[in-house]
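Colleague: Got chain S sorted already, so can you dock chain A onto it with the hints?
2 protein chains.
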Amino acid sequence: MLTPVSLAAPQRVDIALGERSYPILIGAGLLDHPASFEAVPKAASALIVTNTTVGPLYTAALQKALTGRFAAIHVLELPDGEAHKDWTTLNRIFDALLGHGCDRKTVLFALGGGVVGDMTGFAAASYMRGVPFVQVPTTLLAQVDSSVGGKTAINHPLGKNMIGAFYQPQMVLCDLATLKTLPPRELSAGLAEVIKYGPIYDMAFFEWIEANLPALRAQEPAALAHAVRRSCEIKAEVVGQDERENGLRAILNFGHTFGHAIESALGYGEWLHGEAVGCGMVMAAQLSQRLGGVDSAFVQRLTTLIEKAGLPVVAPRFGAERYLELMRIDKKSEGGEIRFVVIDKPGSAVMRPAPDAMVREVLAACGAA
Amino acid sequence: MLTPVSLAAPQRVDIALGERSYPILIGAGLLDHPASFEAVPKAASALIVTNTTVGPLYTAALQKALTGRFAAIHVLELPDGEAHKDWTTLNRIFDALLGHGCDRKTVLFALGGGVVGDMTGFAAASYMRGVPFVQVPTTLLAQVDSSVGGKTAINHPLGKNMIGAFYQPQMVLCDLATLKTLPPRELSAGLAEVIKYGPIYDMAFFEWIEANLPALRAQEPAALAHAVRRSCEIKAEVVGQDERENGLRAILNFGHTFGHAIESALGYGEWLHGEAVGCGMVMAAQLSQRLGGVDSAFVQRLTTLIEKAGLPVVAPRFGAERYLELMRIDKKSEGGEIRFVVIDKPGSAVMRPAPDAMVREVLAACGAA
Numbered sequence: 098m099l100t101p102v103s104l105a106a107p108q109r110v111d112i113a114l115g116e117r118s119y120p121i122l123i124g125a126g127l128l129d130h131p132a133s134f135e136a137v138p139k140a141a142s143a144l145i146v147t148n149t150t151v152g153p154l155y156t157a158a159l160q161k162a163l164t165g166r167f168a169a170i171h172v173l174e175l176p177d178g179e180a181h182k183d184w185t186t187l188n189r190i191f192d193a194l195l196g197h198g199c200d201r202k203t204v205l206f207a208l209g210g211g212v213v214g215d216m217t218g219f220a221a222a223s224y225m226r227g228v229p230f231v232q233v234p235t236t237l238l239a240q241v242d243s244s245v246g247g248k249t250a251i252n253h254p255l256g257k258n259m260i261g262a263f264y265q266p267q268m269v270l271c272d273l274a275t276l277k278t279l280p281p282r283e284l285s286a287g288l289a290e291v292i293k294y295g296p297i298y299d300m301a302f303f304e305w306i307e308a309n310l311p312a313l314r315a316q317e318p319a320a321l322a323h324a325v326r327r328s329c330e331i332k333a334e335v336v337g338q339d340e341r342e343n344g345l346r347a348i349l350n351f352g353h354t355f356g357h358a359i360e361s362a363l364g365y366g367e368w369l370h371g372e373a374v375g376c377g378m379v380m381a382a383q384l385s386q387r388l389g390g391v392d393s394a395f396v397q398r399l400t401t402l403i404e405k406a407g408l409p410v411v412a413p414r415f416g417a418e419r420y421l422e423l424m425r426i427d428k429k430s431e432g433g434e435i436r437f438v439v440i441d442k443p444g445s446a447v448m449r450p451a452p453d454a455m456v457r458e459v460l461a462a463c464g465a466a
Numbered sequence: 098m099l100t101p102v103s104l105a106a107p108q109r110v111d112i113a114l115g116e117r118s119y120p121i122l123i124g125a126g127l128l129d130h131p132a133s134f135e136a137v138p139k140a141a142s143a144l145i146v147t148n149t150t151v152g153p154l155y156t157a158a159l160q161k162a163l164t165g166r167f168a169a170i171h172v173l174e175l176p177d178g179e180a181h182k183d184w185t186t187l188n189r190i191f192d193a194l195l196g197h198g199c200d201r202k203t204v205l206f207a208l209g210g211g212v213v214g215d216m217t218g219f220a221a222a223s224y225m226r227g228v229p230f231v232q233v234p235t236t237l238l239a240q241v242d243s244s245v246g247g248k249t250a251i252n253h254p255l256g257k258n259m260i261g262a263f264y265q266p267q268m269v270l271c272d273l274a275t276l277k278t279l280p281p282r283e284l285s286a287g288l289a290e291v292i293k294y295g296p297i298y299d300m301a302f303f304e305w306i307e308a309n310l311p312a313l314r315a316q317e318p319a320a321l322a323h324a325v326r327r328s329c330e331i332k333a334e335v336v337g338q339d340e341r342e343n344g345l346r347a348i349l350n351f352g353h354t355f356g357h358a359i360e361s362a363l364g365y366g367e368w369l370h371g372e373a374v375g376c377g378m379v380m381a382a383q384l385s386q387r388l389g390g391v392d393s394a395f396v397q398r399l400t401t402l403i404e405k406a407g408l409p410v411v412a413p414r415f416g417a418e419r420y421l422e423l424m425r426i427d428k429k430s431e432g433g434e435i436r437f438v439v440i441d442k443p444g445s446a447v448m449r450p451a452p453d454a455m456v457r458e459v460l461a462a463c464g465a466a
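First to last, the protein sequences are chains S and A. If you read the first sequence in the working numbering, its first letter stands for residue 98, the second for the next number, and so on. If you read the second sequence in the working numbering, its first letter stands for residue 98, the second for the next number, and so on.
Hint data in this document are derived by calculation from the structure and do not stem from the laboratory. Among the hints, erroneous ones may be present.
In this list, chains with the same sequence are indistinguishable; a pair is considered to hold if it fits within one copy or across any two.
Under the rule of at most 27 Å between Cα atoms (straight-line distance), these lysine-lysine pairs were calculated in the BS3-like manner [what the hints assert, rightly or not]:
id : residue 1 : residue 2
1  : K429      : K202
2  : K442      : K277
3  : K277      : K429
4  : K139      : K429
5  : K277      : K405
6  : K442      : K429
7  : K161      : K202
8  : K202      : K139
9  : K442      : K139
10 : K139      : K161
11 : K442      : K405
12 : K161      : K277
Chain S with its partners taken away, still in its complex shape (with noise of 0.2 Å):
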């Protein structure tokens, strides 16, 4: 089932959303040639936006591979870690542009992974009301899920990504070469995105990466190529026919209502977002089970799946009435009714609301109450 992916030459997948369609181009080495930016507008400036961890070890190569297309590159790196994805840290990109003076045709290159790539985003979209900006993810989260799709914001004190922005990028560039760096519990939480798309979209996927799990945990480079470009297929055709979602991109966000909250109750940073998001599909898929879009059997294969793949799959014990109360300030919630994400059958998931006595059951099944 894996078809193989020659890594000399990138891949291509595209997001097709009319003007502002884009390509994800995913390859080993992409971010030293040149040749990967031929699509970017050339300008005076470009920001590269970079964190602590990311910036030593990539920064000079992307800024070797720019040169030609800018006439100055600026590079400011942030704090690393989800718990500075908040506004005073997005201030520091404001006064970053304006400090170095960059313009509406400025260039941001958001070079990390998702905490990056969602705050630089939304300094693109409100930079001047909107410059353009590129993402070059370098987590495996970033780039099979975040980087992907135009969804941009930051956290505020009471939940998560609550202000933001829809704002595509210019072009997508994965590049392969950049995992061979991501620490094991990083390369996880990738997973739990990749999982994902099993139980939502495609079960033959999902089959394909149980078999291929510990080639996925050993970092090989065939393996983790069809798992980057296969997501972001899915990703892509889910996006293209939803951008800003109004129905059916919302499917993208199994485990994400429970993953929140337990991102939120911890404090953000504590758990990665990947590994509340593995626990929450846990949660979410315990209670499809009860709302009977799967059985039990199902339920255990994906726990198993999501505990292999180094993930947590017992949820910190905060209480079903804190969880509760988080989960109705979830984007997805409807006048204090909280909607979920469940699969209705295999390879297909749809939102549903559920009574409280029924998602009580599942936060106590689950080691959260």
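Modeller: Here is chain A on its own, set in the frame of chain S:
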């Protein structure tokens, strides 16, 4: 030349932007009537954002008119003035939205002048990546300019309106009755933006303003009604052709490059925005003359009208270097080159760079240097 406007039935001007189209309703007493809001989506909750000056005058009436469309109608009063158009104040809107458990269907109402409208619009653009909002402008300036066309923003210490979004409201409701409580200084500030539409687009309207200036300054309802309607019509025509200011729309910034520099140099709120634009138009007209677009008689005629409208025509003396430095970070600048909106013939405007030496002459001629 004055087309009589009935004050009994609202006038309607449409902004044609495909799926983002919306109406501007113009009339006296509109905010008292539930029927004015029939096009606004119903939802569990609404948030009225206003300021401490306007709130006590109109919040109760608006709340009453909205009862029946929303189960809960929350109110947030912000401090008044351009000095508060910053992140700290914006964040109070997010705090209120999250504190009240507002969701993606919640409708925001901007009840006030340009500052309230710009901040509420940007909050609506960003809260949960976008919620619906309605502009209820209560100043002449907001009714003829800032509430129409979807430009939203906050200021940054290094530049005005540097952080924001293009985000269209569901509706703009210009209640002419609110202009009765407008202080003369605010009325004059609004007249600056009314006058603007003449030299850039419609010299017949310019002549009408010249003939009716006493009636406008005396706040005669029929004169104000015509000024608001014609201004909205022109803005609608321009914005309908160029929503995101890739070209034509920039002409609406006539006088604003000089004006923003004045506001920034003096400190936001020292002069009203309209006052800075009034003086900025005199400067831009001087520049237009030097570039050959208009003659000295035209410059004198425009200057006279601006002065008779109660607006400053002599710029604060900060020296040429300070002005040039501030204008280089204007959003229309590119690669460090300032691009000015100038009149190429009466009733028509274009964007042009200008030699620094010529700009210095203009600054000296207008008292700035």
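Colleague: Against each hint, give a clear statement of whether it holds in the structure.
Modeller: Hint check:
no.	hint	in the structure
1	K429 to K202	between (35 Å within a copy, 10 Å between copies)
2	K442 to K277	neither (36 Å within a copy, 62 Å between copies)
3	K277 to K429	neither (36 Å within a copy, 43 Å between copies)
4	K139 to K429	between (39 Å within a copy, 17 Å between copies)
5	K277 to K405	within (20 Å within a copy, 70 Å between copies)
6	K442 to K429	within (21 Å within a copy, 53 Å between copies)
7	K161 to K202	within (20 Å within a copy, 46 Å between copies)
8	K202 to K139	within (8 Å within a copy, 39 Å between copies)
9	K442 to K139	neither (47 Å within a copy, 33 Å between copies)
10	K139 to K161	within (15 Å within a copy, 53 Å between copies)
11	K442 to K405	within (23 Å within a copy, 73 Å between copies)
12	K161 to K277	within (21 Å within a copy, 61 Å between copies)
When each numbered hint is compared with the structure, violations occur for hints 2, 3 and 9.
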